[in-house]
Every structure is written in structure tokens, then in C-alpha cells.
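Model the full structure from these sequences, guided by the hints.
Chains as they are written, first to last, in our numbering: chain F, 266 to 495; chain B, 266 to 495.
None of these hints come from the bench; they were simulated from the model. Ideal Cβ placement from N, Cα and C applies to all residues, glycine included. Possibly wrong hints are sitting among the right ones.
Unchecked claim - Looking from chain F toward chain B, a few residues come up when the C-beta cut is under 8 Å (computed): (1) 320; (2) 322; (3) 325; (4) 327; (5) 361; (6) 363; (7) 368; (8) 400; (9) 401; (10) 407; (11) 411; (12) 484; (13) 486.
Number of protein chains: 2
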Amino acid sequence: MKKKAVVLVSGGLDSATTLAIARAESFDCYALSFDYGQQHKIELDAAQRVTQLLGVVEHKTVLIGLGGIGGSALTDDHIPVPKFGGEGIPVTYVPARNTLFLAFALGWAEVLGAEDIFIGVNAVDYSGYPDCRPEFIQAFERLARLATKAGSEGVQFKVQTPLIHRTKAEIIQQGLTLGVNYALTISCYNADDKGRACGYCDSCHIRKEGFELAGVSDPTCYVTRSMTQK
Amino acid sequence: MKKKAVVLVSGGLDSATTLAIARAESFDCYALSFDYGQQHKIELDAAQRVTQLLGVVEHKTVLIGLGGIGGSALTDDHIPVPKFGGEGIPVTYVPARNTLFLAFALGWAEVLGAEDIFIGVNAVDYSGYPDCRPEFIQAFERLARLATKAGSEGVQFKVQTPLIHRTKAEIIQQGLTLGVNYALTISCYNADDKGRACGYCDSCHIRKEGFELAGVSDPTCYVTRSMTQK
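What follows is the structure, encoded as C-alpha cells:
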């Protein structure tokens, strides 16, 4: 019998690659996405396309009222998404987001009898979010074993982060060998209602540079060509 | 300026007492409740009454789609809530519930600029849930500091658990001295739509015994008197 894994799928480039890796490692994948009040809700359509392309046993999209808490450009439309650059952790940081996402994944994993949770966090070409770092992931694994009935019965939950030490270019190269179609994915924080990327936010900048360094043509659909010039 | 605290308020006896303690310690309290698909949603009305009685700056009730995950008698109506007794962790355990609740509280605390989160977990007269134990709470505190922007800037989040080592009787006695009206609270997992308790579930049993041992008359409204006989 194949092992089960819960895979967090946002609709972006990293999580699509992570799902492809989990599939390649022969896991039966249970995809989990969140409608958390994000401005760029169009990414949920992308998550649907990605899970259909790569194949999952089930794909759940869970509603969580994170918007009510505010404090981020991604969930509060009074805070504009900035252009690339600036120092420190950007205003696109969503307080406790990955803690919440992993907590949900943990609950579902326990119900499914899965020990593995895959998350596409990356600590190389990323925005500096604290909840993407290896020490955060390790602390969550430790918590998971204490938090659950399964953990108290000896299950060693593992949070698998296959991308954590890779550059965006390496991620793209691996994803292409595993059949990921990046045209289906959306990374932009400002995507319009047709899913076209703005070309200037943090996330667009990192993604665009990834395709350049990977030596691969960028399949992203941008709003206008002129906005994507660096 | 008074310090702010996020206080998890379920509508039950423990969280009402915890809120009263946080108020007595001069915190400005921000109450947080969850509509997570629980069968006993009537407890949210109790949470409203309790926060009104004790006084909070704000009370937020957040919707989270935990019901979709299932695996618990409290969120899946195919699994009946059992009578008191039995070995091990009961089927009323909700996978990863306190991890999720604390993750939300952490996000809100960060937005508010609060360092303290109060939760009414108890490891003495309780149902054996793993996410009520001190080691779980300590692991969450550690995680909180790594998970957040505030933590990476030096904020030492504290998860305050004033009830963790107390008996139910001690909790009730302290709550009464702080002005908690327990008639407003609902502990029952099976409460009817008028908020009347079943008298036989785990939670009712522990609560009833607490009032007896505290030597205080039990203000709980039960469905029928005969059902409450032991």
C-alpha cells in the first residue's frame, strides 16, 4: 500500500513543484488549499488546475477567516502590495500563516493516517518570511508529535520541505523534469481576474529571475509587456 | 498603558475563568472564539455572554472549516458523543484543534502588538487530550517565536495557562471570587438548542463533579433531572 501525504498547494510555482516531487516519491497525495481572504484568490483556480494535471486522491479547499485579523497586504486591501525591494520582512507577510496552514494539514494527516506533510517553503529565493525557515519547520515537527493523539501513540510526523535549500532556478528545472506545466501556476500577489501577473511585486520578481537563471522561457502571462521590464 | 492579551474563549467554564484571571491581571483582553463546525455551536452564544459580563476590548469569532476534515465526534455527526468513561483519548478529541486555535491567536496577537495569549487548558480534570499538556504549550511557545516577524524581532510570546495544574473545583472557586457567573457558560458537548446540558458526556461529568467538590451549588441547566443522576 502506498503511503499517504498531505500536500499544501497554493497554486504557485513552489507548491506545484512540491506536489510533483511527492508524486514522484510514490505518495498518494491529498492536496490542501486555503481560502483565507487573500486578495489574489485567483490562485485557488491555479491550485485546482495543478492538482488536476499532477493527480491527487483528493483536493480540499478550506475556508479560514484569516482576513478578519488583518495585518498584511495580502489580506487587507488598505495595505497596498509593494513593488520589489525594501529591507526586512515585507508587508506581504501574513501573521502566523504557515503555522495555521500546517496545523490544518496536521489535523487532516492525523485523520487520514498520514505521517508526511509536504510544504513548498524555500529559504533561498524567498521574501524573508520567518515561517519559511528550517528552524520553524523543525519546531513545528516537534509540536506535531506533542499535539496529536497519533503523536502520543508514536507517530513521527514529518514536514517535508524538498525545496527549502534550492534556488528558484533549480526548483523550475526539477519541476520541468517532473512534468509541471508552470503556465498553470500563479505566483503574483496582484494577479488580475484573468490570472495575469503584475510583473513587479516581490513574488513576480523572484519568479521571473528564476526562469531567466534556469535558462527556460517564462510561460507567465503578464498584464502588459512594458510593466515587466526591469 | 495596559498590556494586551488575546484570550481564547469557548463559552465553557475553563475559558470563562481564564478570561476573568486575565482581566484581574490587568490585561486589556481581546477575546477569540471559533466557529469550527462543532455540533455544540450553542457554546458560541455562551462565549458572547461571558465576554459581555467580564468585559473585553473586542470579541472576534472566526470561521474555520475544520468540519471538512472530520475525525471527531465534535465535528462529525456520524460519530456519536459517548457517555463518560472509557480508556485513552476519547473520540471527542478534535485533531490539531488547539494548535489551530493557538495559531490564530498568535496571528492576532502579532497584529495587535500583544505578547500574551491565554488559553484555559487543564491537565488535571480533563479528557486526556494531548494538546492540553504543559509540554505541548511549551513547544507552541517555542514555535511562536520562530514563526513570526515579531518573534524574529525579539518578542517573547507567552502562552499563559493559569488553570493547567488546578482541579476543576479549584477553578470554580477562583472563578467565583472573580465574579464569573457559571450559569452563563456551557460545557456540554451535547447541549440542546436552549443550551441545556445532557448531563452524561465527559464534559458534563467533569463539570458536575467540580461543583460538588467545590461545595458550590451547580447552576447548570440540565435537560432532565433524571438524566443527571449518577
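Cross-check of the supplied hints:
With 8 Å as the threshold, the beta carbon of residue 320(F) stays out of range of chain B, its nearest partner Cβ sitting at about 21 Å, so the hint is violated. Interface restraint check: residue 322(F) against chain B, minimum CB-CB distance 15 Å, threshold 8 Å, status violated. For residue 325(F), the suggested interface contact is upheld, since its CB lies about 6 Å from the closest CB of chain B, less than 8 Å. Look at residue 327(F): its Cβ gets to within about 4 Å of chain B, closer than 8 Å, so that hint holds up.
Given hint, residue 361(F) at the interface with chain B, holds; its Cβ is 3 Å from that chain's nearest Cβ, closer than 8 Å. The restraint placing residue 363(F) at the interface with chain B holds, with a minimum CB-CB distance near 7 Å, inside the 8 Å limit. Residue-level restraint check for residue 368(F) holds (minimum Cβ-Cβ distance to chain B is 4 Å; threshold 8 Å). Proximity of residue 400(F) to chain B holds as hinted, the smallest CB-CB distance being about 5 Å (cut-off 8 Å).
Hint status for residue 401(F): holds, given a least beta-carbon distance of 5 Å to chain B, under 8 Å. Taking 8 Å as the C-beta cut-off, the interface hint given for residue 407(F) holds, the closest approach to chain B being about 6 Å. About 5 Å separates the beta-carbon of residue 411(F) from the nearest beta-carbon of chain B, less than 8 Å, and the hint is met. Against a cut-off of 8 Å between C-beta atoms, the interface hint on residue 484(F) is violated, since the closest Cβ of chain B lies about 32 Å away.
Contact between residue 486(F) and chain B, as hinted, is not supported at the beta carbon level, the nearest pair being about 31 Å apart and thus beyond 8 Å.
The earlier numbered hints that this structure contradicts are 1, 2, 12 and 13.
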